[in-house]
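Protein chains: 2
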Amino acid sequence: MNKQTSDPAAMGGQISRRGLMLVLSSPSGAGKTTLSRRLLAEDPGLTMSISVTTRPKRPGERDGVDYIFVEPVDFDLMVNRRQLLEHAKVFDHYYGTPAEPVENALSAGRDVLFDIDWQGTQDLKEEMRDDLASVFILPPSTRELERRLKSRARDSDEEVARRMSKAADEISHWPEYDYVVVNHDVDVALDQVRAILTAERLKRARQAGLGDFVKRLRDGQ
Amino acid sequence: MNKQTSDPAAMGGQISRRGLMLVLSSPSGAGKTTLSRRLLAEDPGLTMSISVTTRPKRPGERDGVDYIFVEPVDFDLMVNRRQLLEHAKVFDHYYGTPAEPVENALSAGRDVLFDIDWQGTQDLKEEMRDDLASVFILPPSTRELERRLKSRARDSDEEVARRMSKAADEISHWPEYDYVVVNHDVDVALDQVRAILTAERLKRARQAGLGDFVKRLRDGQ
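Which chain is which? The protein sequence lines are A and B, in order. In terms of the working numbering, the first sequence has 148 at position 148, counting the first letter as 1, and numbering is strictly consecutive. In terms of the working numbering, the second sequence has 115 at position 115, counting the first letter as 1, and numbering is strictly consecutive.
There could be a bad hint or two in this list.
Copies of the same chain look alike in the list, so a pair counts if it works inside one copy or between any two.
With a cut-off of at most 27 Å between alpha-carbon atoms, the simulated DSS-like pairs for lysine-lysine come out as follows [said to hold, decoys possible]:
1. 203 / 215
2. 57 / 203
3. 125 / 203
4. 203 / 89
5. 150 / 203
6. 215 / 57
7. 89 / 166
8. 89 / 125
9. 215 / 166
10. 215 / 125
11. 150 / 125
12. 57 / 89
13. 215 / 150
14. 166 / 203
No wet-lab data here; the hints were simulated from the structure.
Just need the whole structure built from these sequences, with the hints factored in.
Written as structure tokens, this is what we have:
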């Protein structure tokens, strides 16, 4: 990809714009995490939304980077103070999206990536419809999905079975998404998600500074 | 760009989809023709919509390739028989889009590129809303636009003046488009238009075969 295209300052010249929320959802094992990491690594205009969770920290995870790990009582406080854009219970634990960092990023013209499930996406949509671009990542086949889940050392057989069942539930929500990408090959899928991000940045409605730019154009500048 | 991404068959695996109509509009001199030609040259899934016109053929133009050149009486016949998706008068001549080749392409999952003005875009939108993705190309400045128009040997001074005046009129319609691309650099602008085409192909609503694909997935295939 051309370097200039992924540089927000070059996207529309000096035209200011509001950031967007890029939502990636998929059953686990469909490659969403790999896609998110690669997209974030190559695109300086994109930051990850860090979720708050009550689930225990896994080995290698860093507080404030992978998740913000909190006690259930603190999570409840954030819900009551309306500091979360969405929150949900998944596998006996709570997850939520802090509102303030997202609002700050969007106002500054930076984009935010969300790695959340269909419940979170539905809630975000209700709160932030115009800022959202949602992408559902599908695995190429059930067999491939199972193979990918089994190859993860960290998941027990019981966990694999539970995730396969949850996958069927997650997949049933694909019609609620703006875009659908089938992850046959991670490089092709990455090209496709990158194109979606670039296109969404170019939407007229997001380029808040276009009116002024055109006024200057029409004035002969 | 990855070859596979521009191959419609690889876009969603074996998932059938309805083609889309990619509309590019801009004042002349903003680079729309160069962008169209390069996009068509690299993307086998995209074909150009060939307009019918009553204007005289210019040197080097080929009938049936650049335009379908017809007499005013034949143009009127096509209008009366409702064989045109849109038609308009520009600079004393008539232009129109034949409906049949477009319908055939979309049904076969092929995409069609339109190089038309705001009038044509408004009419197409009314007829084919869900099939349309519209892009407005802006020049970086009025000075640059004038420079580009003057550098075209084929346009007389009078024609340049007329086109500059028409440009201001054309530019006033930018808010009616889905996407806006400012053509500072043709390579960057091409990357951006290409990303818009890729993203539009991935829209859930265009991938008609997704329902069947997901059914097979959920059945364990």
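Are any of the numbered hints broken by this structure? If so, which, sorted upward?
2, 4, 5, 6 and 11
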